[in-house]
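Student: Now for the letters of each chain:
2 protein chains.
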Amino acid sequence: MKQSLGAKTLLFPAPVLMVGTYDHEGKPNLMNAAWGGICCSQPPCVAVSLRKATYSYASIVERKAFTIGTPSEAAMKAADYVGIVSGRDTDKFAATGLTPVKSELVDAPYAAEFPFALECRLLHTLEIGLHTLFVGEIVDVKADAEVLGDDGLPDILKLKPLVFDTSHRGYHGVGPLLGKALAVGKKL
Amino acid sequence: MKQSLGAKTLLFPAPVLMVGTYDHEGKPNLMNAAWGGICCSQPPCVAVSLRKATYSYASIVERKAFTIGTPSEAAMKAADYVGIVSGRDTDKFAATGLTPVKSELVDAPYAAEFPFALECRLLHTLEIGLHTLFVGEIVDVKADAEVLGDDGLPDILKLKPLVFDTSHRGYHGVGPLLGKALAVGKKL
Chain F
1 MKQSLGAKTL
11 LFPAPVLMVG
21 TYDHEGKPNL
31 MNAAWGGICC
41 SQPPCVAVSL
51 RKATYSYASI
61 VERKAFTIGT
71 PSEAAMKAAD
81 YVGIVSGRDT
91 DKFAATGLTP
101 VKSELVDAPY
111 AAEFPFALEC
121 RLLHTLEIGL
131 HTLFVGEIVD
141 VKADAEVLGD
151 DGLPDILKLK
161 PLVFDTSHRG
171 YHGVGPLLGK
181 ALAVGKKL
Chain Z
1 MKQSLGAKTL
11 LFPAPVLMVG
21 TYDHEGKPNL
31 MNAAWGGICC
41 SQPPCVAVSL
51 RKATYSYASI
61 VERKAFTIGT
71 PSEAAMKAAD
81 YVGIVSGRDT
91 DKFAATGLTP
101 VKSELVDAPY
111 AAEFPFALEC
121 RLLHTLEIGL
131 HTLFVGEIVD
141 VKADAEVLGD
151 DGLPDILKLK
161 PLVFDTSHRG
171 YHGVGPLLGK
181 ALAVGKKL
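These protein sequences, in sequence, are chains F and Z. In terms of the UniProt record's numbering, the first sequence opens at residue 1 and continues consecutively. In terms of the UniProt record's numbering, the second sequence opens at residue 1 and continues consecutively.
Be aware that one or more of the hints could be misleading.
[Claimed, not checked] Derived lysine-lysine pairs resembling BS3-like cross-links, with alpha carbons at most 27 angstroms apart: (1) LYS52(Z) / LYS27(Z); (2) LYS180(F) / LYS102(Z); (3) LYS180(F) / LYS158(Z); (4) LYS2(F) / LYS77(Z); (5) LYS52(Z) / LYS64(Z); (6) LYS102(F) / LYS8(Z); (7) LYS8(Z) / LYS158(F); (8) LYS186(Z) / LYS27(F); (9) LYS77(F) / LYS186(Z); (10) LYS52(F) / LYS102(F); (11) LYS158(Z) / LYS102(Z); (12) LYS8(Z) / LYS8(F); (13) LYS186(F) / LYS27(Z); (14) LYS2(F) / LYS186(Z); (15) LYS52(F) / LYS27(F); (16) LYS27(Z) / LYS2(F); (17) LYS64(F) / LYS2(Z); (18) LYS158(F) / LYS187(Z); (19) LYS77(F) / LYS27(F); (20) LYS52(F) / LYS180(Z); (21) LYS158(F) / LYS77(Z); (22) LYS77(F) / LYS77(Z); (23) LYS2(Z) / LYS158(F); (24) LYS187(F) / LYS186(Z); (25) LYS52(Z) / LYS180(F); (26) LYS27(Z) / LYS187(F); (27) LYS52(F) / LYS186(Z); (28) LYS8(Z) / LYS180(F).
[Stated by the list, open to error] Among chain F residues calculated to face chain Z with C-beta under 10 angstroms, some are: (29) PRO13; (30) LEU17; (31) VAL46; (32) TYR55; (33) TYR57; (34) ALA58; (35) VAL61; (36) LYS142; (37) LEU148; (38) ILE156.
Bear in mind the hints are in silico, worked out from the structure with no lab data behind them. For every residue, glycine included, the Cβ atom is placed at its ideal position computed from N, Cα and C.
Let's have the full structure, built from the sequences with the hints guiding it.
Tutor: Here it is in structure tokens:
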């Protein structure tokens, strides 16, 4: 018999998404978002939800582009700082020492120091309530060679992405492999 | 200098979502989905994307409701099995031994053995491409007492949710706390 906890935004796990944008003056900015995930395979798309009050909101609407960077565990403090201050009055790249790299494909920057990034062009906008959901088509994935496996794809244990705990607002790491999808279930 | 990997559905981490529905005959069904995440705070909403070809798709459209269950590490094999077979020809609850519980609030079931579940009513449908994004308003959260902390909220280290690796399709666990959000960044 389960207990009722009320209507809450709890989901496990949630990601730590570094949303990269240029503002109206071309200043690069980063935002820390947890409300998002992959939302389509063909075309490959990612969804991220922002409040209209955020500085990044207008940037995405104007430029019709954003990036999603993945900070490794080592960049946890910088990633968290990005979620504490606003791009309205802070140059977050300068403050963190992160280096903005202009995407060749979309009108948005990503941080060189985060080992993984998605370059996205805005495909859909859905007003939900306090948050607006932006669907971005992933036009390219960029990754550092250091986080790739022998097959050329990212190795999650090398990437060491942060897991966001929606319940107690903590950052966690990813543990070792427990089983392969579409395989362990055959031995049910 | 990052390497280009092409346009791919990679994001770290991704969740393991057990989508619970009733079909047109009232048979309870579960689906294993990784394309989803929280998408709004007010009203609290979760998004999950399904292909039209899935058996669960019509159930969500018809019943305008679904649940999102979170399997613990111990339920990995059952969660994976749910992603291997189709509800068209298999009673997944019977095959896995999971117990369907009818939500009191929405027209959908969840599995008693998964320690955490969201009860959702369909709020928006967005056609993207191969996948359709369903936004569900979270009308209640249900959890087993065993996974709650002293404050009555889920403890992620008791819940032990699975992390899906979008790159190599593996299931991982969640590691220990590395830092508190909106706190560790102050010491940048």
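Student: It remains to establish, for every hint, whether it holds in the given structure.
Tutor: Results of checking the hints against the structure:
no. : hint                  : in the structure
1   : LYS52(Z) / LYS27(Z)   : holds (19 angstroms)
2   : LYS180(F) / LYS102(Z) : violated (30 angstroms)
3   : LYS180(F) / LYS158(Z) : holds (22 angstroms)
4   : LYS2(F) / LYS77(Z)    : holds (22 angstroms)
5   : LYS52(Z) / LYS64(Z)   : holds (15 angstroms)
6   : LYS102(F) / LYS8(Z)   : holds (20 angstroms)
7   : LYS8(Z) / LYS158(F)   : holds (19 angstroms)
8   : LYS186(Z) / LYS27(F)  : holds (23 angstroms)
9   : LYS77(F) / LYS186(Z)  : holds (8 angstroms)
10  : LYS52(F) / LYS102(F)  : holds (24 angstroms)
11  : LYS158(Z) / LYS102(Z) : holds (25 angstroms)
12  : LYS8(Z) / LYS8(F)     : violated (31 angstroms)
13  : LYS186(F) / LYS27(Z)  : holds (23 angstroms)
14  : LYS2(F) / LYS186(Z)   : violated (38 angstroms)
15  : LYS52(F) / LYS27(F)   : holds (19 angstroms)
16  : LYS27(Z) / LYS2(F)    : holds (22 angstroms)
17  : LYS64(F) / LYS2(Z)    : holds (23 angstroms)
18  : LYS158(F) / LYS187(Z) : holds (25 angstroms)
19  : LYS77(F) / LYS27(F)   : holds (22 angstroms)
20  : LYS52(F) / LYS180(Z)  : holds (25 angstroms)
21  : LYS158(F) / LYS77(Z)  : holds (25 angstroms)
22  : LYS77(F) / LYS77(Z)   : violated (36 angstroms)
23  : LYS2(Z) / LYS158(F)   : holds (15 angstroms)
24  : LYS187(F) / LYS186(Z) : violated (47 angstroms)
25  : LYS52(Z) / LYS180(F)  : holds (25 angstroms)
26  : LYS27(Z) / LYS187(F)  : holds (24 angstroms)
27  : LYS52(F) / LYS186(Z)  : holds (25 angstroms)
28  : LYS8(Z) / LYS180(F)   : holds (20 angstroms)
29  : PRO13                 : holds (5 angstroms)
30  : LEU17                 : holds (8 angstroms)
31  : VAL46                 : holds (6 angstroms)
32  : TYR55                 : violated (17 angstroms)
33  : TYR57                 : violated (14 angstroms)
34  : ALA58                 : violated (19 angstroms)
35  : VAL61                 : violated (17 angstroms)
36  : LYS142                : holds (4 angstroms)
37  : LEU148                : holds (7 angstroms)
38  : ILE156                : holds (5 angstroms)
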